[in-house]
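My request is simple: use the sequences and hints to build the entire structure.
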Amino acid sequence: MIHFYMKNKEFWVFLFFLGTLLFNWPFLDIFNMVLPFYFLGVWGLFILVVYLVVTTGDRKGGERDEDV
Amino acid sequence: MSIMNEKILIVEDEDTLCESLQRVLRREGYEVDIADSAETAVRLLEQYSYDLIITDIILPGISGIELIARYREQKPGQKVVIMTAYASLETAVEALKVGALDFIVKPVIHDEIKRIVKKALGH
Amino acid sequence: MFKGWILFLFILGYLGVLFIIAYIAERREKSGRSIVSNPYVYSLSLAVYCTSWTFYGSVGRAATSGFSFLTIYLGPTLMAALWAVLLKKIIRIAKQNRITTISDFIGVRYGNSLFLSAFVTIVAVVGITPYLGLQIKAIISTLTILAGQTKGMAAAGWYITLILGVFAIIFGARRLDSSERHEGLIFAIAFESLIKLVAFLMVGLYVTYYLFDGFGDIFDRIKDSEFGGLLFLGTGTQVSYTEWASLLFLSMTAIMFLPRQFHVAVVENSDISHVSKAMWLFPLYLLLINIFVMPLAFGGLLLGGSQADADIFMLTIPLGQGNLLIALLTFIGGFAAATGMIIVESLALSTMVMNNLIMPTVYRFAEKKLFEVIYPVFIINIKRLVIMGCIAFGYFFAVSVGEFYSLVDIGLKSFEAMTIFAPSIILGLYWKRGNKKGALAGIMAGFIIWFYTLIVPAMLKAGIIDEHGYFSMLINSEILNPHALFGLKGLDRWSHSLFWGLFFNLFFYISLSIFTKQDSEEERQSLIFVDSYTPQALPARADYTLQEIEAVLEQYLGKREAREIIDSFLMKNRLTRNSLAARELAMVRDEALRILSGALGSAIATIILEDKLLITEKERGELSDSIRQMTDTLRLSRQELEEANRSLAYLKEFSENIIESAPVGIVTVDAHRHITYWNREMEKMTQISKPETANRPVLSLLPWIPADTFEKNGQREMELQTPLQQSFKINISPFTDPSGGFVVIFEDVTEKKKMEEQLVQAVKLASIGKLTAGISHEIGNPLASISSLVQELRDLPVEACSEKTFFSESLLTINSHIERIARIVRSLGDFARISTREKTLSNLPEILERTINLVRYDKRFKHIDLKTEIGEVPLLKVNPDQLQQVFLNLILNAFDVMQDGGTLAVSMRQLDGFIEIGFRDTGPGIDSSVIDKIFDPFFTTKPLGRGTGLGLSICYGIIREHSGTITVKSEKGAGTAFYIRLPAD
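Residue numbers (the working numbering), protein chains in the order written: chain A, 1 to 68; chain B, 1001 to 1123; chain C, 2001 to 2985.
Some hints could be false.
Under the rule of at most 20 Å between Cα atoms (straight-line distance), these lysine to aspartate or glutamate pairs were calculated in the EDC-like manner [unchecked claim]:
#	chain 1	residue 1	chain 2	residue 2
1	C	Lys-2859	B	Glu-1066
2	C	Lys-2862	B	Glu-1066
3	C	Lys-2859	B	Glu-1039
4	A	Lys-9	C	Glu-2838
Ranges between beta-carbon positions, derived for each pair [to be verified]:
#	chain 1	residue 1	chain 2	residue 2	range
5	C	Phe-2486	A	Leu-48	42 to 48 Å
6	C	Met-2755	B	Lys-1119	50 to 56 Å
7	B	Arg-1072	C	Met-2755	44 to 50 Å
8	B	Arg-1072	C	Arg-2826	38 to 44 Å
To give an idea of the chain C side of the interface with chain A (calculated C-beta under 7 Å), a few residues [what the hints assert, rightly or not]:
#	residue
9	Leu-2074
10	Leu-2078
11	Leu-2082
12	Val-2085
13	Ala-2245
14	Pro-2283
15	Leu-2287
16	Phe-2895
17	Val-2897
If you are wondering where the hints come from, they were derived from the structure by calculation, not from laboratory data.
A quick note: this is a predicted structure, and the numbers were derived from the prediction, not measured.
No residue lacks a Cβ here, since even glycine has one placed at the ideal position from N, Cα and C.
Structure below.
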């Protein structure tokens, strides 16, 4: 299933917009009190998600690099 | 006075009628034997000879017509009168074919049968 | 503090290491065991993004405006998620089309426009060079600090710059082909990225855990200090959310479009699969290098530094603590950061300048003969010069103007400049309509806005330009105020510039792309970029001549046409026939390919030009043969297809014909019991025409069909009556098709039924006929008996009392005969009546008895022994006349075969759910060869004229109508037994 995400451009676009949202006004206001932790946490999480999807995608079937 | 009694054989499977006709003809002075089927008639005919045979057509077993036809082979001059409930042209024709002298239609009228018998016997 | 010359030596040593590393990497690449072609080096090379801005500027910014520095790194992190889609596509296209710079990318996309790429180059140079200069400034100033001097060590800076230039030349411009990769260079860059990270982390650790007690300690103390506001964002702080968002956007475009980033990410990429790992490795690097930024900034502030000097906290803190080692480490890190940027950026910029500005100019104006002789040497040295030039230009900028601006400020201005390229690249990749005019207009508009809103104010502030006259009016106007264009106040300058820049950029790009047309070149290029259309790879082979190309064109276009094409192409590109370089020849070939594609289609054109330029006569013959074969086969297939189509139409007509002409009514019904087909015979039979039936429910059209007929599965047959006194036999079969539905076949059996009845009647009459003789006898005899007795009685004398017995006996006899007659007459009366079709609840034994009575007294059958065994059976709904007919028939048949006597046993009993009536005779039996046929109509074993042969078939029919069965068991010589079974419902 994660392999599917790797090939699926929509997933990356979604992740991009989600990340952008998380690092902008509504959420930054919410977490204004604990910004250091928030940044560290969400940033780290973001990287982790990318890492997970990329590595399992690779393991499953390797790259097929179709153009999107 | 003692005319030699003429012998008549009535072949008829209806008992009541048979017996009645026997009585009637006996009263006329004839000697009457009855048979209720062609087979019985044949047995009687082997023993006796009759001056006249009155027979119904429809009998159990062999029909009356058949009986006459066969007997006539033996005794060509045998006088026969046919009795039948069913009067049709065919019957008449058949009767004539076997050489019947006359035929009576049932129900039998006594006067008529007496007359026909007398005529058949040549009186 | 360090002694100046020690520092200098140190720097030289560092650079020496750099050289060695690069050299080793190159050697390894040549021998095939590359240490650079892996995703880790690739990701580290991407970290050239982190310049001295990251090293010093972040801390400075954190001290003045809190978290806003993070946007510069969050942007690339987010963008990295899109690399799977975006970057891979860009790399693929760039490799396919041999694109080596960002200006090339844009130029090639929009119809190979040299003008556009030139313009992009100019924008890039204007935008980036200040930034480059600032790196040099950083080196100089940090060197100054470390050496304890107050005045700038400009000379040292100059030497260093030179060395960097040499480095860039050696490892970046050794060969002419700029599309080749520079493994040595990249390895050095990656190495520097590592140094940067390690240095920063070390310094961070030092300050956070050695000078303070960890993160908590620093953050708590800052919160309590006057700088507490730095921990927050938004209203009330230095950074509005708008500014935050704009900065985020800026860094997103920067990571993609900075020339140095394009170079390391796209041009130097050796394997697209590396991008996948880079997608998380690079953000991880960014995360790590930024962990200690805030602690460092706050630490500095807490240690008494001022916000204005925050830029150099990295150095001043350890120096202030007397820790020279850490300070040196910092310096090295910052040095690595700056030099990395300088080397790669100058290489990238110089390539752009070379390819898009200088070379075209040279082509245009140089003397042909001179040109071709010195071509290779000439070009490569020009490139080297340009590299040096870029760096030098940056140096001068740094020395003269750089004093007035902060690192971050200039950096952000460069980032803003990069957004100018965003619409034409991003939209160019996904929107085929995007065209050259739009791109040009958009970039121009964006550039003008950028320059006016960001550069002009800076120049004013620096005193480079003065405010007077018209210019002053312009600046201070309501609408065209550089700080609030068109009256848009309230935005920070980055958001303001970004908004208007993008607005006009997009506006022009989109509107011009929609309202102007593309030429064919643009179309082709847009296909290549957007749809990844890959024209056949055209190998750059030089083993053909212009003559050969022309000859091929001749073959397909004609001699004159071919010559014209070649001539005009050469003229347009200022080339001559006899002196074409390999590169130019390739251009001619491409043009020939393009022309041929128009005439023959690109596939064939490519084949023709690809391997051999000339195909031999034989090959040409074979080619045309196979083409002819293909068209023949196609034509044949088409014919066969037409044939098949005709046959199909005929078959359809045929089958429809069959259904229409069938002598039975055929109706098809769908799963909802609506009529889907109604043939001609149905129209005749029911007087309902086809149009009236279309899709009507069948049960409303033919209400005399029971409602549950279509509920059950399986094929069924039934006989039905219509209100119009018609009889229909219908046969219903469900369709095997899963969509359901039924096909119903209607047969008008009214006539047949009538005939059947007549037949029954006739047979009955025949039976009667058979009986007539018997009946006459049956009645005639008793009648004769009665008559004779009555005549006797009449002739008796009145007084004869002796005959009294005879009298009474005779009367009794007469009475019994009369009764006999009465019985027969009654039976006959019943029998002769025309039988009805109705079934009524009847007493079966009574019917049987009556039948038997008809024959019991028939003297013909006197020798037949009639045994009856009639048991208790329930009343049954039957047609009494018809059953009587059956019984009579069977009895008479038995009598017929037992002419010489026998026994007929008639039985009736109830057995399971049936009433069984048996007729067993002791006749001669039925031969096994005929036993199966006895129920057949007209089958008889009696001699001609005597039997009608209908009796048993009619019996069969009657019993079947009573839902019963009639069976026969017989063996020759062993008698016959008929068994009738009627269901006792």
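- request: Any hints from earlier that this structure breaks? Give me their numbers in increasing order, please.
  value: 4, 16 and 17
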